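Participant: Under numbering that gives the first Met the number 0, the first residue of the sequence shown is numbered 0, with each subsequent residue one higher.
By construction, these hints were calculated from the structure, which means they are not laboratory data.
Note that the coordinates shown come from a computational prediction; the quantities given were computed from them, not determined experimentally.
Every residue, glycine too, gets a C-beta built ideally from N, C-alpha and C.
Warning: the hint list may mix true and false statements.
Said to hold, decoys possible - Estimated spans, in silico, between C-beta atoms of each pair: (1) 0 to 130: 20 to 28 Å; (2) 77 to 43: 33 to 41 Å; (3) 32 to 105: 14 to 22 Å; (4) 80 to 21: 40 to 48 Å.
Said to hold, decoys possible - For lysine-lysine, the following DSSO-like pairs were computed, each having C-alpha atoms within a straight-line distance of at most 27 Å: (5) 128 to 63; (6) 47 to 63; (7) 58 to 98.
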Amino acid sequence: MLFFKSLIFWIIFLISILLLSPVLIFLRIFSYSLALSIAKVWASIIIKSLKFFCNLEYKITGKKNLNFSDNIVFSKHQSTWETIFFILLIPKPVFVVKKELMFIPLFGWCLYLLGNIGIDRNSGRKAIKKMMLDGNNLIKKG
């Protein structure tokens, strides 16, 4: 039974990307905020689907101590789940991702258009410098 529920989730995952990515790409022409709202709708669909179909539960403790205005959040990457959840939790999230992800049709284009920072993880210090430069530029833009 879990196999079929997981399969349904993956179908929803793929269909939601196929349907919402073109909308995000189009809206990004006009507004970052509109595009981000589509990303948040997508993230909400994925998180709710995981809960409903895969029985994935989560609990946030200490949320009152979180302040995401103009801060940098460092998170040890454990799974795709927390990355998707951070889209909902953080008002204007920007992620540092493997640059190869930016080349995935639709999904990667959305990553790029939302201002995420693509780095070459094999380039060591150069990747850190790029992350800092791009991050500073994004902070200056607001």
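Participant: So, for every hint listed, does it hold in this structure?
Facilitator: Now the hints, each set against the structure:
Range check, residue 0 to residue 130: Cβ separation about 43 Å, and the 20 to 28 Å hint is violated. Checked against the given bound of 33 to 41 Å, the beta carbons of residue 77 and residue 43, roughly 20 Å apart, lie outside it. For the hinted restraint 14 to 22 Å between residue 32 and residue 105, the CB-CB distance of approximately 20 Å keeps it satisfied. At about 25 Å, the CB distance of residue 80 to residue 21 disagrees with the hint of 40 to 48 Å.
Restraint check for residue 128 and residue 63: not satisfied, since their Cα atoms lie roughly 33 Å apart, outside the 27 Å limit. Restraint check for residue 47 and residue 63: satisfied, since their Cα atoms lie roughly 22 Å apart, inside the 27 Å limit. Straight-line distance between C-alpha atoms of residue 58 and residue 98 comes to about 31 Å, which puts the hinted pair past the 27 Å bound.
Going down the numbered hints, you'll see the structure goes against 1, 2, 4, 5, 7, while the others check out.
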